[in-house]
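Chemist: In order, the protein sequences belong to chains A and B. Residue numbering for the first sequence follows my numbering, starting at 1 and increasing by one per position. Residue numbering for the second sequence follows my numbering, starting at 1001 and increasing by one per position.
By construction, these hints were calculated from the structure, which means they are not laboratory data. Built from N, CA and C at the ideal position, the CB exists for glycine as well. Errors might be hidden in some of the hints.
Quick list of simulated restraints, FRET-style, between CB atoms [claimed, not checked]:
#, chain 1, residue 1, chain 2, residue 2, range
1, B, T1101, A, D40, 37 to 45 Å
2, A, R10, B, T1101, 35 to 43 Å
3, B, D1348, A, F56, 52 to 60 Å
4, A, T141, B, N1297, 25 to 33 Å
5, A, T141, B, G1177, 32 to 40 Å
6, B, D1106, A, S49, 15 to 23 Å
7, A, S49, B, E1246, 36 to 44 Å
8, B, W1210, A, F56, 28 to 36 Å
9, B, W1210, A, L52, 31 to 39 Å
10, A, F56, B, E1195, 52 to 60 Å
Partial selection, computed: residues in chain A whose CB lies under 10 Å from chain B [stated by the list, open to error]:
#, residue
11, S4
12, Q129
13, S146
14, I148
15, D150
16, S154
17, G236
18, G237
19, Y250
20, A253
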Amino acid sequence: MGGSRRANLRLLLFCAPALIVYFVFKLIPAVSGIGYAMTDWNGLSQDYSFVLFDNFIAVFSDTYFWRSVWFTLKYVAVMVVVANVIALLLAVAIESRRRAKGVYRTIFYMPNMISMVIGGYMWMFIFTQVLYYMADNWGLTFLDHSWIGDPHYSFIAIIIVASWSTVGYLMIIYMAALQGVPADLLEAAQLAGANSRQCFFRVTLPMILPAVTICIFWTLNSGFQVFDVIYALTGGGPGRATQSVAMNIYEEAFRGNIRYGYATAKSTILFVIVMVITLIQLKVMKSREAEL
Amino acid sequence: MKKLLSLLLALCMVFALAACGSESTPAETEGAEPPAESTEPVSEEPVEAELTIMMSFPQFMDQWETYCRQFEAKMLEEENIDLTINLEMPSSGDYESVLQTRLTGDDAPDLFTLHSNNIQTYYEAGHLTDLTNEELAGKIYPDVAAMVTYNDMLLGVPIESQAWGPLYNKAIFEECGLEVPNTLDELRNVVEVLEANGYTPFMLAFQEQWVPQLMTALTLGGKVSGEVPDWVDRMNAGEGSYSEMEEIFDVIDLIMQHGTDRAMETGAEAGAAAFANGEAAMFVQGTWASGTIMSTNPDMQLGVFALPVNNNEDCTKINLSVSTTLAVHPSSDQMDLALKFANYVLDDEDSSALFESCSFNPLATCHTYEPASWVADANVYVTEGRSYKDLVLPSAVTDEQGRLLQEYYVGSVTKDDIITRLDEVYAQAIAG
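One chain only, chain A, in its complex shape (with noise of 0.2 Å):
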């Protein structure tokens, strides 16, 4: 008995850091916030008055915040499909490699230490200066578009980024899956006569599902609430055509009318779609996880 207690207290006191710093810096002000969206703050004067359900009823006749929402899913459908894809390729053909593996792996995983406003930046050198003096000197004319002020390939060109940067890190729980799947079992599907491509989907791919769940769930919940590539890519641009639903609230919040409350309002929403797309999605992959 006292041996079980003192080792719970052992790992509860590992845990303390992150668990202090998650409490003090996440759920307090998401608690405190829900209290907030109910008010009419501007985030500037000493005093408000409380309005009550307002700022909510005012959110569902908000089309530039729908407008957001509609972009935002756009914007984690395409991701989670590319940079899943993207990844699981990555992880197995540097797993499939003899050599330099290391190398190769470092190189895929850089793009994910530089901070995404910084290589945002660096992309939209690369948008608006390179592919025009590619297309104009090389004759590459099929660049020569216009990559932040069209919606259409704008949001290209915000994929491609965030692909960029976060392939790496998926990268690394798929390669990590990876070496889990136990090498007797592949043995013996190729031995039984299973081609390689079988051997993939039959038996590794449902070996690494737990690391399909958690990369999945990364992007649902990072995509939804994307906020730096584009902040640094297109800035929302041109107007709001590619304005996500973090940039709606942040402009909201910080710029404008500055209505803090009502900002607040949009985001306890946001919590809730991507709670309720999460849970969705963790309950449908576990129950296939079980049946294996």
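Based on these hints, arrange chain B on the given structure of chain A.
Modeler: Just chain B now, kept in the frame of chain A:
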């Protein structure tokens, strides 16, 4: 066991850090005493003090750093205070959000800059100190002082005042034998002649929404001051509409149709550099871009003209405004020093050099320097009475104008959409 040890160590470090944090607070408050001690003999050890100043123009970082150092030296010599000034300059895009966070987080800087349009809001929120009785108040030109005064109180030290309009390249205009236009027809003619001579008339740099926004600032300003002086009042009362201003799109269309390519890919700085290199003859930007332009091309012959809105010359005027204003926060624990610094900004001996090096316009009696050629250009309009006070619109509306013009440029909204949308946003802004 090893792990437990390392964990304990980590915890110790956290507590040690926390302890450092709490110790520094009394150290700062000690600094509040110097004013009382300053009368004592100079042989005493200098008293340490700290001032935090936040400013919104990183492009003038060097000039203000130097000025702060001068002030530190002056304080050490005159008051025997070993002053350290922490000068913070967040990028202008983020400035307001950073400032707001600091003000609401009880971490207000001793002095900070704000746009003069926001003086009323900030004053009512209790963030501004009345400077009416300070020495500096008597030096500011009355027209300028009026723009930083609210309820008969002088609430800020004006720093940047602008008399501005679109910029033009004098060399190109001269080469084509062109005069500065006074009406829309003359501007159309200018555009035609420039294109006939192989020049692109307008530099377009629309990546950041505040740059296209300048077109609305200038056209609305001209139109309102020349023909509909009560428009802003009526808008604020909820009785006006942007449809009265439809005419402004004549000149906006002209600019957009005769500008450089890839406008959405060009930022304000890149645009200024390209303009300096002669890629276009005119640039709807303000005189604040002169820094970038002159450093890109020191031989640039830069001029300023008033943007015509229509064929009524009364509407062709220069925009006169005070933008950046320095305020003292009432909660400053170094009030005396903060006020001294505010006064020092308009110091009789040193202020001129500072304002000249930042190419700010002279705005107080202590400013005795020759202004730059483009400043002089604009001042000609002002002395002729052809200027108006910058329109004060709700900042949500100003923001929206810029965004809608970006969308207008890429063709995703029409003129009518813009008018409807701006009326909506205006209604929302005055209701909130």
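Chemist: Which numbered hints does this structure break?
Modeler: Result: hints 1 and 11 break, sorted rising.
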